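Those letters in the sequence shown? Residues 14 to 245, by our numbering.
Hints should not be assumed to be uniformly reliable.
As the list claims (entries may be wrong) - Taking lysine-lysine and the BS3-like style, the derived pairs with C-alpha atoms no more than 27 Å apart in a straight line are: (1) 238 / 137; (2) 197 / 136; (3) 136 / 188; (4) 238 / 136.
Note that these hints are calculated values from the structure, not bench results. Model, not experiment: these values are computed from the prediction.
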Amino acid sequence: MLRKPKVRVWAALPILVSSGLFIGALVYFINFLDPIVESSRLWLDENLSFLSWLGSSLWWLFGLIAMGVTAYSFVIVAAIVACPFNPILAEAAEQSRTGIAPQSSPWAKVIRGLPSTVFQETKKLLYYFFWAIPVLVLCLLFFPAAPFIWGAFSSWMLALEFSDYPMDNSGLKFKEMRRALARKRMTSFGFGAAVFGFAMIPGLNVLTVPGAVCGATLLWLEELKVAEAQTA
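With the hints as extra help, turn the sequences into a complete structure.
In structure tokens form, the structure reads like this:
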């Protein structure tokens with residue numbers, strides 16, 4: 014869907030935002046890790062000379078860790094930075110799928126809908142922090158299962174983050190969005206888990222935000238909207 018003519022124009026904006034943030038975060042982490050790696054290498058040479066060979070491998074080790082952390086965390090930031098344009102991308106994806114054109118020009122909608130978009134993003138952030146604290150406590154109490162607990166929470170939050178755009182375009186309130194996702198809970202978790210997994214792939218993750226918006230639009234049109242209509 015990202016290759017569709019009317020979609021790729023609006024997909025290019027979050028891709029550019031994501032690329033800029035990813036490069037900036039990598040540069041920051043490299044500058045941050047440089048003195049740590051160098052001091053670790055010198056300490057190994059002075060105290061554990063038989064492990065001096067490990068010093069040359071530290072950059073690869075720390076680099077992979079930094080890329081993994083950056084790969085996931087920047088996706089959420091990129092989604093927030095690109096949020097004024099994501100509803101237009103969702104609208105373009107829906108038009109590509111259904112053939113129904115939007116009633117107003119995209120730029121007019123971006124400007125007019127900016128206060129509403131910021132308010133919606135604020136509600137999602139508050140919802141995230143409201144649940145993040147008890148989930149973190151749960152992770153500490155059940156430490157061996159912490160990756161699975163946090164992974165499930167992240168999958169739900171990513172499903173909520175990106176499904177918001179097509180559902181908000183259809184006039185659903187935040188509470189109604191959560192109910193719609195809950196009606197197809199496993200499907201929603203599966204979508205969020207797919208976004209979570211793709212976000213962990215350095216380089217390719219610059220496509221995560223536009224790809225997730227298009228995927229969420231298809232999820233809404235083909236699964237959640239049908240379930241919503243059947244319930245009504």
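Now for the hints, and whether the structure bears them out:
Only pairs whose Cα atoms come within 27 Å are accepted, and residue 238 paired with residue 137 is accepted, the gap being roughly 21 Å. Taken as a hint, the residue 197 and residue 136 pair is honoured in the structure, with Cα atoms around 22 Å apart against an allowance of 27 Å. At roughly 10 Å between alpha-carbon atoms, residue 136 and residue 188 fall within 27 Å of each other, so this suggested pair holds. A threshold of 27 Å between alpha carbons decides the hint, and for residue 238 with residue 136 the separation of about 22 Å falls inside it, so the pair holds.
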